[in-house]
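With the sequences and hints as input, model every part of the structure.
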Amino acid sequence: MSNNRNPYMNQNMSTGARNMNVRVSCGYPNSAPIQRSAQNDCGCAGNTGTTQQNNYAQRLAQGDCGCAGNSGYARVADMPTGDRMSLLAYIDQVSFAAYEAALYLDTHPDCQNGLQYFREHNEKRNLALKEYAKLYGPLTLEHADESCEAYWQWVNQPWPWEGGNC
Amino acid sequence: MWYYEKRLEYPINITTSNAKLAQFIASQYGGPDGEISASMRYLSQRFSMKDRKVAGLLTDIGTEELAHLEMVSTIIHQLTKGLSMEEIEKSGLGPYYIDHTVGVWPQAAGGIPFNACEFQVKGDPVTDLHEDLAAEQKARSTYDNILRVVNNTPEVADPIRFLRAREVVHFQRFGEALRNVQEGLDAKNFYAFSPGFDAPVTCPPNAK
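Residue numbers (this note's numbering), protein chains in the order written: chain A, 1383 to 1548; chain B, 14 to 221.
Since the hints were derived computationally from the structure, they do not count as laboratory data.
Quick caveat, the model's predicted, so the values are computed rather than measured.
Keep in mind that a hint or two might mislead.
As the list claims (entries may be wrong) - Using 35 Å as the maximum straight-line C-alpha spacing, the simulated DSBU-like pairs for lysine-lysine come out as follows:
#: 1; chain 1: A; residue 1: 1512; chain 2: B; residue 2: 33
#: 2; chain 1: A; residue 1: 1516; chain 2: B; residue 2: 19
#: 3; chain 1: B; residue 1: 66; chain 2: B; residue 2: 201
#: 4; chain 1: B; residue 1: 151; chain 2: B; residue 2: 33
#: 5; chain 1: B; residue 1: 135; chain 2: B; residue 2: 63
#: 6; chain 1: B; residue 1: 103; chain 2: B; residue 2: 66
#: 7; chain 1: B; residue 1: 63; chain 2: B; residue 2: 201
#: 8; chain 1: B; residue 1: 19; chain 2: B; residue 2: 33
#: 9; chain 1: B; residue 1: 135; chain 2: B; residue 2: 94
#: 10; chain 1: A; residue 1: 1516; chain 2: B; residue 2: 94
#: 11; chain 1: A; residue 1: 1512; chain 2: B; residue 2: 135
#: 12; chain 1: B; residue 1: 66; chain 2: B; residue 2: 135
#: 13; chain 1: B; residue 1: 103; chain 2: B; residue 2: 33
#: 14; chain 1: B; residue 1: 66; chain 2: A; residue 2: 1512
#: 15; chain 1: B; residue 1: 19; chain 2: B; residue 2: 94
Next comes the structure, spelled out in structure tokens:
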């Protein structure tokens, strides 16, 4: 498949904001990227502006979906115990990992490593959501009644847009 | 088809208000290349995609853009909290304040209200995906512009950098989607027919 007509798949993709004096970081040090080791791109736009050659077409022809096997990508650590903010941060990270894997799987539905990565992080996410609901109140409607109280707690919680000031 | 989780995709905790920044960042809410435009574009285009993977991708990315528009509007909301009248008038937010107080209303930094002329749904998968690739780059450029202004304010720059990184990743995903669509086209002539109009509909394997 060397005759790849898609101009966007064979370009050198510059991922950095090189001339801006901005240290760009995605903020999720252990985040998802299935294709990281294959494409040297964690999706955080880099902080050195490194370029990469995306030879997806050739690799696909060789049966390589680009997820680079087991050793190429980071996994999120185990659920923390302790305070609400660190559990929420854990939920943010593990959910991001699962969601990013889902986007990847949308266009690579038969990538086995990707499926496994998604399952692992989605399981962690579901456990964490349940735990959070038990300790601090529900984040989703399906956990809205874990405590079986006499009040609809769902409307009685801080909204995420209020920031840390509530 | 939507429900929500009570958390932002990335945390936002801005402690200092800044009317000027709010005005600038508004472009990523209601501006031509902002998150409302992105989500409406992708969630509308998905109907013409006969390739199920591409329809799925547009739905998922469109959903993420909804989460992004929420993030941007949260940034604007937090930046306009507790503003004094003097700050409002001096910063240039005066005209906006007259019509909206410090409510969050979708317009570009220059004042043009959000409108559907700012995105297209051509109904042709190849065309629409090229529009999507361009949209992600336009959004990235807008975030670059914003970052030049907020670079020294970490509590604002942090979520903006996250959003910018997501645009780059979406761009890559749309490139893959375009490749997927092209595989279903006549290899000798991509434009021989449009799957959005000329091809028969196929149901998913377990539909019956």
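Cross-check of the supplied hints:
1. As the CA atoms of residue 1512 of chain A and residue 33 of chain B are separated by approximately 41 Å, the hinted pair breaks the 35 Å bound.
2. Straight-line distance between C-alpha atoms of residue 1516 of chain A and residue 19 of chain B comes to about 15 Å, which keeps the hinted pair within the 35 Å bound.
3. With a CA separation close to 23 Å, the supplied pair residue 66 of chain B and residue 201 of chain B stays within the 35 Å bound.
4. Using a Cα cut-off of 35 Å, the hinted pair residue 151 of chain B and residue 33 of chain B holds, with the two alpha carbons roughly 22 Å apart.
5. Proximity of residue 135 of chain B to residue 63 of chain B is assessed by CA-CA distance (about 14 Å); at most 35 Å being required, the pair is judged to hold.
6. At roughly 50 Å between alpha-carbon atoms, residue 103 of chain B and residue 66 of chain B are farther apart than 35 Å, so this suggested pair is violated.
7. Distance check on the hinted pair: residue 63 of chain B and residue 201 of chain B sit about 20 Å apart at the alpha-carbon level, within 35 Å; holds.
8. Between residue 19 of chain B and residue 33 of chain B the alpha-carbon distance is near 29 Å, which keeps this suggested pair within the 35 Å criterion.
9. Our distance criterion of 35 Å between C-alpha atoms is broken by residue 135 of chain B and residue 94 of chain B, whose separation comes to about 40 Å.
10. For the hint linking residue 1516 of chain A to residue 94 of chain B, the alpha-carbon distance of about 32 Å falls within 35 Å, and the restraint holds.
11. Pair hint residue 1512 of chain A plus residue 135 of chain B does not hold up; C-alpha atoms about 43 Å apart against a cutoff of 35 Å.
12. Straight-line distance between C-alpha atoms of residue 66 of chain B and residue 135 of chain B comes to about 19 Å, which keeps the hinted pair within the 35 Å bound.
13. For the given pair, residue 103 of chain B sits about 9 Å from residue 33 of chain B by alpha-carbon distance, which is consistent with the 35 Å threshold.
14. For the proposed pair residue 66 of chain B and residue 1512 of chain A, the alpha carbon gap of about 30 Å is at most 35 Å, so the pair holds.
15. Distance check on the hinted pair: residue 19 of chain B and residue 94 of chain B sit about 21 Å apart at the alpha-carbon level, within 35 Å; holds.
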